[in-house]
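Sequence order for the protein chains is A and B.
Residues 1 to 251 (the working numbering) make up the first sequence, in order.
Residues 1 to 174 (the working numbering) make up the second sequence, in order.
Worth flagging that the hints you see were computed from the coordinates, not collected in a lab.
Keep in mind that this is a model prediction, so the values were computed, not measured.
It is possible that some hints are incorrect.
What the hints assert, rightly or not - For the chain A half of the interface with chain B, some residues (derived, Cβ under 7 Å), not all of them:
id : residue
1  : T30
2  : A59
3  : A203
4  : V204
What the hints assert, rightly or not - The following label-pair restraints were derived from C-beta to C-beta distances:
id : chain 1 : residue 1 : chain 2 : residue 2 : range
5  : B       : R76       : A       : D213      : 18 to 26 Å
6  : B       : V132      : A       : D180      : 47 to 55 Å
7  : A       : R164      : B       : A110      : 36 to 44 Å
8  : B       : K6        : A       : P25       : 55 to 63 Å
For glycine and all other residues, C-beta sits at the position ideal for the given N, C-alpha and C.
Here is how the chains run, residue by residue.
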Amino acid sequence: MADPHIDADARPENDPCYEAVVPHPEGESTAARFALTAREYGYGGIVFHTGPESEIGPATPSEIENAYETDIVDGIEIDRDSPGSASGAVGNHRSEYTLVLVRGGSRETNRFAAEEPRVDVLTRSMAGRGDVNHVIAKAAARNGVRIEFDFGPVLRTSGGRRVRALSDLRKLRELVNQYDVPYVVSAGARRHLELRAPRELAAVGEVIGFSRDAVRAGLREWGRLAARNRTLQDGSFIEPGVREGRYDEDS
Amino acid sequence: MRALPKHLRPRWRYLGVAVETWPEVAIDRRAFQRAIWDAARGLLGDPGSADCDLTVMRFRFEGAIGRGEAIVRVRREERTRGRAALACVDSVSGHPVGLAVRGTSGTIRACERYLTHCAEPNGETTVRLSGVERPAVRGRAGRLDVRTDEGFVGATELDVDVETEPSDGESENE
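Just chain A, same shape as in the assembly (with noise of 0.2 Å):
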C-alpha cells in the first residue's frame, strides 16, 4: 500500500542503508560502539530498540552523531505476552520514541502489532510458536506495519535451527510478496561483532532466495521509516501537506 506521507517521488536507491540494533545494557556494546562499527560498514544511520527502563548511552544521541555522523534513531521493542498489555506499552511510548516495534512470537502478538497502526514494525514474527498467515500479512499491509525479515539465525545458528529459521523466512517471503506488505531487514545484532555490511547481507539474501534488491530496500525502508516519524512527530505537522509556519519565499 503506498504510503502517503513518503515522498513517492524521491529516489529509494540513493537513501542510505540502516541497521537495527539491541545496544547495552541488554546488548554487549554501547550505541556509540555501533555507530561507529556502522559508518565503518557504510550505514548511514542505525535504529537502537532499547527496552523501556533503559535508554541509549552512555554517551548522548547527540555526541553520536556529531562524533561519528552517523543518523540515530531511538526505537522501543515492545516485548508482552499478551495483546492487551501491548497495546497499554505502544499507547505510553507512540509519542516517546520515533520508531515503536512490537516483538511477536505469538499468533496473539502478532495479529495484534498488525492491526495496530500506531505500531511501526512486527519483529521476530516467525520466533518461538509465532507465525504469520494471509489474514495477518493483509491486515500488516492495510495498516502499514512493517514485518521484519530477521537474518540473525541465517547468520549465527547452523544446523536444524537455522533450517527452520530458513523456511520461516521463506513463507514469510512469500507471504509479503503475494499481499505486497512493507518490509524491513535486519540481522539482529546485539553486540558490534554481530553486525554486517549492507553488500554482505544482500550476498546473504540472494543465496537464501531473496532478490538483488531486496534485502537493500528492507535496510533503507528503517531510514525512510524514521524520517517519516520525525515528520509527523514534528510540532509543525498539522496533516500531510499541511505544515505550521512562514509562507515559502517564492509562493
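Guided by the hints, dock chain B onto chain A, whose structure is given.
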C-alpha cells in the same frame, strides 16, 4: 605437472577481510580457514563450497587487541556466494568474530591496500563506565573494549566520563 594454459586457469577474486574479536583471543590461520569452510558448507552445501573454493591466502592477527586481517581467495564467478559465506562466519574456535569485506581485487598485491589497520594503538587503560572503574583495552579510532564481570563490553571513548591512565593516578579531565 605443467601449468594450465592461461585461458583455462580459474579466475580469482581476492577479498580483503577485516577480522575483529574481543581482546586476548588468539586466532590462527588454520582456525580461520576452518571457520570459513564450515560457514561455506553450512550455507552453500558441499557443491557450493567447492565452487567458491574459499582459501585464506594471507592472515595476520594481533591477539592482544583481538584484531586481524586476511586475504581470502574466491572464484570470480562465485564472489557473491563467497561473500555470503564469509558473512556467516560468526565465530572462530568458539570466539565470536566480526567480519567485514573491506574490498576486492583481482590480484593479491592490489588487495593488500585494503589491509591497513594492523598498526593500531594498543594499551591497557582504566575507564569509568556507568560509574564503575574497569580495565579496558584501547583500539583504533577511540574504541575501547571494557572488561566487566559478564565479559567484555564494546564501547568508545564517548561512553566513558573520566579516563584515568594507570600511571597518572587521579587526573580528572571531564
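Exercise. Taking the closest Cβ pair, is A/A59 under 7 Å from chain B?
Worked result: A/A59 check passes; min Cβ-Cβ to chain B is 4 Å, inside 7 Å.
Problem set entry | Range hint 18 to 26 Å (beta carbons of B/R76 and A/D213) holds or violated | Holds, since B/R76 and A/D213 (Cβ atoms, about 22 Å apart) stay within the stated range.
Exercise. Holds or violated: A/V204 as interface residue toward chain B, Cβ cutoff 7 Å?
Worked result: With a minimum Cβ separation of about 4 Å from chain B (threshold 7 Å), the hint on A/V204 holds.
For this session: Indicate whether the distance between the beta carbons of A/R164 and B/A110 respects the range 36 to 44 Å.
Result: holds (42 Å)
For this session: With chain B as the partner, please determine if A/T30 meets the hint condition of a C-beta pair closer than 7 Å.
Result: holds (5 Å)
Problem set entry | Interface hint outcome for A/A203 [beta carbon to chain B under 7 Å] | holds (4 Å)
Exercise. Is it true that B/K6 and A/P25 lie within 55 to 63 Å of each other by Cβ?
Worked result: holds (57 Å)
For this session: Could you see if the CB distance from B/V132 to A/D180 stays within 47 to 55 Å?
Result: holds (50 Å)
Comparing the model with each earlier hint shows no violations; every hint is respected.
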